[in-house]
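> Numbering-wise (the UniProt record's numbering), the sequence shown opens with residue 1 and increments by one.
Since the hints were derived computationally from the structure, they do not count as laboratory data.
As the structure is a computational prediction, the values presented were derived from the model and not from experiment.
Certain hints may be false.
[Stated by the list, open to error] Pairs of lysine-lysine residues, derived as DSS-like cross-links and limited to a Cα-Cα distance of at most 27 Å, are as follows: (1) K9 to K71; (2) K78 to K52; (3) K71 to K52; (4) K9 to K78.
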Amino acid sequence: MSEGSILDKIYQPIDRWYFRLLLIGMGMYHVGLLMWEPNVYADTIGGFNLAKVWFLIWGMCSSMIFGVGFKPRMTLFKIIFSPYISFIILLYFTIIRF
Numbered sequence: 001m002s003e004g005s006i007l008d009k010i011y012q013p014i015d016r017w018y019f020r021l022l023l024i025g026m027g028m029y030h031v032g033l034l035m036w037e038p039n040v041y042a043d044t045i046g047g048f049n050l051a052k053v054w055f056l057i058w059g060m061c062s063s064m065i066f067g068v069g070f071k072p073r074m075t076l077f078k079i080i081f082s083p084y085i086s087f088i089i090l091l092y093f094t095i096i097r098f
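Let the sequences and hints guide you as you build the complete structure.
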């Protein structure tokens, strides 16, 4: 069994339109807040540092990739742009936002 088919089986439960809509909605929410008032957004999440910015960009990009239906072919990219990781990152930023 190849790595690609193992990852495809792992992603199969979340590969639904409502999860795509949820994840792209969370990504757009954070992109919108960040673009509208970056200083206010930074204050509500406790300020920006290198780790927070890196994870925020990673989560937003991964959510857009998954949300539009793009499926990476390479195993490394499937792991890097995982919707599970993106959901955890964006959920964390949503929780600390409130």
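> Can you confirm whether the C-alpha distance between K71 and K52 stays at or below 27 Å?
holds (26 Å)
> Assess, step by step, whether the Cα of K9 is no farther than 27 Å from the Cα of K71, and give holds or violated.
Holds, at about 13 Å.
> CA of K9 to CA of K78, is that 27 Å or under?
Satisfied, since the Cα-Cα distance of roughly 12 Å is no more than 27 Å.
> Is it true that the CA of K78 sits at most 27 Å from the CA of K52?
holds (22 Å)
In summary, the structure agrees with every hint in the numbered list given earlier.
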